[in-house]
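Participant: One letter stands for each residue in the lines below.
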Amino acid sequence: MRKLILRATAFALVQIVVGAVLLSFYDVDESAYLAATHDKHALLERPSTKPRLIFVGGSNVAFGVNSAVVARDLPYEPINLALHVGVGLRLMLREVEQSLRPGDVVILSPEYQHFTGRRAGMVLPLLEQRPASIQYVPPVFIPTLLDHAINHAGVVIRASLRNILGRSSHTPAAAPYARHAFNRYGDVVGHWRMERPSKLTGFGFGAYSDGKIQAMVGHLNRFDDRVRAKHARVFFWYPTIPRSTLREHRETIAKIEAEIRRTMTIPVLNQPDAATLPLEFFFDTHYHLTEKGMTYRTRMLIQSLRPHIDLDDAVDAEDAPGDEGAPGAVPAASGRRSRQPRRARAVRRVPA
Amino acid sequence: MTFTTLTFILYLPIVFGLYWSFKRQSARNLVMLLASYVFYAWWDYRFCVLMLATNLIDYGVARALARVEEPKARWRLLLISLVSNLSVLGFFKYYNFFVESVAAAAGSVGWIIDPFTLNIILPAGISFYTFQAMSYTIDVYRRQLDPSRNVIDHLSYVSFFPTLVAGPIERGTALLPQLASSRTFDYRNAVTGLRLIGWGFFKKLVIADQLAIIVESSYSAPDVARGPLLAFATICFAFQIYCDFSAYSDIARGTAWLFGVDVIRNFNYPYFSQNLAEFWRRWHISLSTWFRDYVYVPLGGNRVGRVRRAVNLLITFLVSGIWHGAAWNFVVWGALHGATIALGTLRAKPAPTPAIPGGEDNIPSLATALRMLRTFAIVCLFWVFFRAESVREALGILKLVAVDAFRPRAYLPLLDTVTDDGLRMAAMVMVGVFVAVEWLIRDREHPFVVDRMPIVLRYATYTACLWMTLALTARRTGQFIYFQF
Numbered sequence: 239m240r241k242l243i244l245r246a247t248a249f250a251l252v253q254i255v256v257g258a259v260l261l262s263f264y265d266v267d268e269s270a271y272l273a274a275t276h277d278k279h280a281l282l283e284r285p286s287t288k289p290r291l292i293f294v295g296g297s298n299v300a301f302g303v304n305s306a307v308v309a310r311d312l313p314y315e316p317i318n319l320a321l322h323v324g325v326g327l328r329l330m331l332r333e334v335e336q337s338l339r340p341g342d343v344v345i346l347s348p349e350y351q352h353f354t355g356r357r358a359g360m361v362l363p364l365l366e367q368r369p370a371s372i373q374y375v376p377p378v379f380i381p382t383l384l385d386h387a388i389n390h391a392g393v394v395i396r397a398s399l400r401n402i403l404g405r406s407s408h409t410p411a412a413a414p415y416a417r418h419a420f421n422r423y424g425d426v427v428g429h430w431r432m433e434r435p436s437k438l439t440g441f442g443f444g445a446y447s448d449g450k451i452q453a454m455v456g457h458l459n460r461f462d463d464r465v466r467a468k469h470a471r472v473f474f475w476y477p478t479i480p481r482s483t484l485r486e487h488r489e490t491i492a493k494i495e496a497e498i499r500r501t502m503t504i505p506v507l508n509q510p511d512a513a514t515l516p517l518e519f520f521f522d523t524h525y526h527l528t529e530k531g532m533t534y535r536t537r538m539l540i541q542s543l544r545p546h547i548d549l550d551d552a553v554d555a556e557d558a559p560g561d562e563g564a565p566g567a568v569p570a571a572s573g574r575r576s577r578q579p580r581r582a583r584a585v586r587r588v589p590a
Numbered sequence: 050m051t052f053t054t055l056t057f058i059l060y061l062p063i064v065f066g067l068y069w070s071f072k073r074q075s076a077r078n079l080v081m082l083l084a085s086y087v088f089y090a091w092w093d094y095r096f097c098v099l100m101l102a103t104n105l106i107d108y109g110v111a112r113a114l115a116r117v118e119e120p121k122a123r124w125r126l127l128l129i130s131l132v133s134n135l136s137v138l139g140f141f142k143y144y145n146f147f148v149e150s151v152a153a154a155a156g157s158v159g160w161i162i163d164p165f166t167l168n169i170i171l172p173a174g175i176s177f178y179t180f181q182a183m184s185y186t187i188d189v190y191r192r193q194l195d196p197s198r199n200v201i202d203h204l205s206y207v208s209f210f211p212t213l214v215a216g217p218i219e220r221g222t223a224l225l226p227q228l229a230s231s232r233t234f235d236y237r238n239a240v241t242g243l244r245l246i247g248w249g250f251f252k253k254l255v256i257a258d259q260l261a262i263i264v265e266s267s268y269s270a271p272d273v274a275r276g277p278l279l280a281f282a283t284i285c286f287a288f289q290i291y292c293d294f295s296a297y298s299d300i301a302r303g304t305a306w307l308f309g310v311d312v313i314r315n316f317n318y319p320y321f322s323q324n325l326a327e328f329w330r331r332w333h334i335s336l337s338t339w340f341r342d343y344v345y346v347p348l349g350g351n352r353v354g355r356v357r358r359a360v361n362l363l364i365t366f367l368v369s370g371i372w373h374g375a376a377w378n379f380v381v382w383g384a385l386h387g388a389t390i391a392l393g394t395l396r397a398k399p400a401p402t403p404a405i406p407g408g409e410d411n412i413p414s415l416a417t418a419l420r421m422l423r424t425f426a427i428v429c430l431f432w433v434f435f436r437a438e439s440v441r442e443a444l445g446i447l448k449l450v451a452v453d454a455f456r457p458r459a460y461l462p463l464l465d466t467v468t469d470d471g472l473r474m475a476a477m478v479m480v481g482v483f484v485a486v487e488w489l490i491r492d493r494e495h496p497f498v499v500d501r502m503p504i505v506l507r508y509a510t511y512t513a514c515l516w517m518t519l520a521l522t523a524r525r526t527g528q529f530i531y532f533q534f
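From first to last, the protein sequence lines stand for chains A and B. Residue 303 in the working numbering sits at position 65 of the first sequence, and the numbers go up by one each step. Residue 131 in the working numbering sits at position 82 of the second sequence, and the numbers go up by one each step.
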């Protein structure tokens, strides 16, 4: 036993040295999509004269909001904090929570998959970009991080070896999956002039239990409490997916919706059916919208949000989609507390 | 907990240290039992209760069998164990398949039934531990095994974490005596175990996970893929499932060696088989022998005439197909293997299985090479049914492969797929190297036979293999394929 321990320790030490040498050749790809986390944190920490409208979610929000329209139509400063579903909802919530100021409004639009499984596959790449974000990593993510560590190590080692061999360690990031694809609010706009791929990539749910849905809604309720303690507000906004996708996954989405309707305390701004759009509004995945889709979705949001923030300006109805999956009328916010919507605490009227 | 993760790499030394820090076997078995339940709870702790309940029933039944002599009473006791195990397996794995099949059959005669399906999560490894548990009570019933007196030993046997989730399905006759007897730490066994674990990591992370990307991209939309690409993806799947599953078995065996326990070897170079019957003697050996001993032999085995033997083979493979998955494509897959082997039995006396796959010569005769290639081609053909989502989809794939075979333009997507990613090309090279290495070491269990090397060179070899494995690791890892069974 002693011999095994000694040799295993010696072997481990050799590997630590080799690893350290390889790591010294590694440089982080600052043009990568997730490198935008630096810019988003800079937006979040920047002083502001106006209350802020902070968008939180995965890429359905990064590719789903036209913040310029928000900035124009609402007296809020929009900040789109969203990056990727794999960052994990719990991490996203911690990230925004620590930076909230009185009067801020959080628009929370998690992907449906957050309710059925732990999504944390992109946390390691995120931490590589911004190690300071480790403070937001919830303990429940640790098993997932350990599960992904070997594969991520592979990525790092390959990049180091390319550097050692004198080749560029990273393939240049291309729009829209690049840091430069984001605009000054944090929305992805790099695909606005690009041609839509011929088909949308996969959408699905792994095995899940109803308990997972309940646990996530409970977590959101606790987040709501903490946000209110900071004199800010949070609204829930269903993600936009194609109507055909909703039909295909109706059973799971109905379960999520039922649980939200039953127990969630956060006011809900729309419903899954009303959040759907025709296929031509989608870019490359079932969550990523084109420019037209982003703008339309944002207008739906503004219309739903107005009753809650005491504004009465009409929203343009132009660009409304036509046939397949045309969204219905934007419903009033629902939810346990939203039947009598609380009025915003720090709302200003839109300047004339 | 999955073997090829940092979680397991950190977990294993903790359990190893705890296990060997105790002198008494009972304490070591208790450590093993707790470690196994933590390992299993990592997926879903609720299913630990399910496993514990069925295992305790089996323990009770086996203890009762030791006291009862009357045949009918013994049969009733065995029935309790079989029903408890099979009903759990049936509910979690086959309920939806059953009601959907009934509804489809009723619909075909115009009787419309809305099937009441359930959103059931399949407990990891249920087919494996259920079969392991059933073999225990059957062996006790047959008086081939004395029931375990110690409940901890029994629970440790059924939930033995190295083999818990995807086998090898270890028999009580082999494992229980090891758990009940004194184990001493053996340096050479531990080193052999670590080498097997390393070989398993390489096969899973470098080959299986890389090939999974090619297979998934073609099989996720077979209606838009071209025939040559689908044929290539099927060959890739043949190596993916082999490297995936044999990797799991290697890591399981290696881990067991670390704890001084020997478990059955599950793979013995199956793709060098010269006929399908030999393939099944080399592929998933623990399951094949399980079905041989508990299904084929009770049906009559080799003691009956050729026709009856062929029918028995067909039945055994049908059951094996349904064991793999609750879907008709698995049933067809099993039936195809069974029918092919059964036909072979009818035609000629089975050829003996060579001790060394492919024979002793490193350059095989042309006839041997052709027989190996023919067997591999048949296995690949049948894998289409295993990998496809349905029988209809599998038939569609085979049709596309046949129709596109003589269309030169249909080969273009195949070239793109292979050449558009450096990592994928590296995986292709690795498959070639892997086959060559397997051929050269087919009289041994793994390639790390480096004992005669000087220690510095040996460490350098290990280090190079470790970092090469990490460098070629896929960007994402999938669960082991057999977890779903």
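What the hints contain is simulated information worked out from the structure, not anything from laboratory work. You may find that some hints are simply not true.
[Said to hold, decoys possible] EDC-like, lysine to aspartate or glutamate: derived pairs with alpha carbons at most 16 angstroms apart:
{"hint": "1", "chain 1": "A", "residue 1": "K450", "chain 2": "A", "residue 2": "E518"}
{"hint": "2", "chain 1": "A", "residue 1": "K437", "chain 2": "B", "residue 2": "D272"}
{"hint": "3", "chain 1": "A", "residue 1": "K450", "chain 2": "B", "residue 2": "D93"}
{"hint": "4", "chain 1": "A", "residue 1": "K493", "chain 2": "A", "residue 2": "D448"}
{"hint": "5", "chain 1": "A", "residue 1": "K241", "chain 2": "B", "residue 2": "D93"}
{"hint": "6", "chain 1": "A", "residue 1": "K530", "chain 2": "A", "residue 2": "D448"}
{"hint": "7", "chain 1": "A", "residue 1": "K437", "chain 2": "A", "residue 2": "D522"}
{"hint": "8", "chain 1": "A", "residue 1": "K530", "chain 2": "A", "residue 2": "E518"}
{"hint": "9", "chain 1": "A", "residue 1": "K450", "chain 2": "A", "residue 2": "D522"}
[Claimed, not checked] Okay, the calculated bits of chain B under chain A, using three or more residues with CB under 8 angstroms as the criterion:
{"hint": "10", "region": "73-84"}
{"hint": "11", "region": "505-512"}
Just so you know, these numbers come straight off a predicted model, no measurement behind them. No residue lacks a Cβ here, since even glycine has one placed at the ideal position from N, Cα and C.
Participant: All the hints need checking, so say for each whether the structure fits it.
Facilitator: Going down the list of hints, with the structure as the test:
1. A/K450 - A/E518: Measuring from Cα to Cα gives roughly 33 angstroms; hence the hint is violated.
2. A/K437 - B/D272: Satisfied, since the Cα-Cα distance of roughly 14 angstroms is no more than 16 angstroms.
3. A/K450 - B/D93: holds (12 angstroms)
4. A/K493 - A/D448: holds (8 angstroms)
5. A/K241 - B/D93: violated (37 angstroms)
6. A/K530 - A/D448: Distance of about 35 angstroms is beyond 16 angstroms: violated.
7. A/K437 - A/D522: holds (7 angstroms)
8. A/K530 - A/E518: holds (9 angstroms)
9. A/K450 - A/D522: violated (28 angstroms)
10. 73-84: Violated: only 0 residues of the region 73-84 of chain B have a Cβ under 8 angstroms from chain A.
11. 505-512: Answer holds; 3 residues pass the 8 angstroms Cβ test.
Of the numbered hints stated above, those contradicted by the structure are hints 1, 5, 6, 9 and 10, listed in ascending order.
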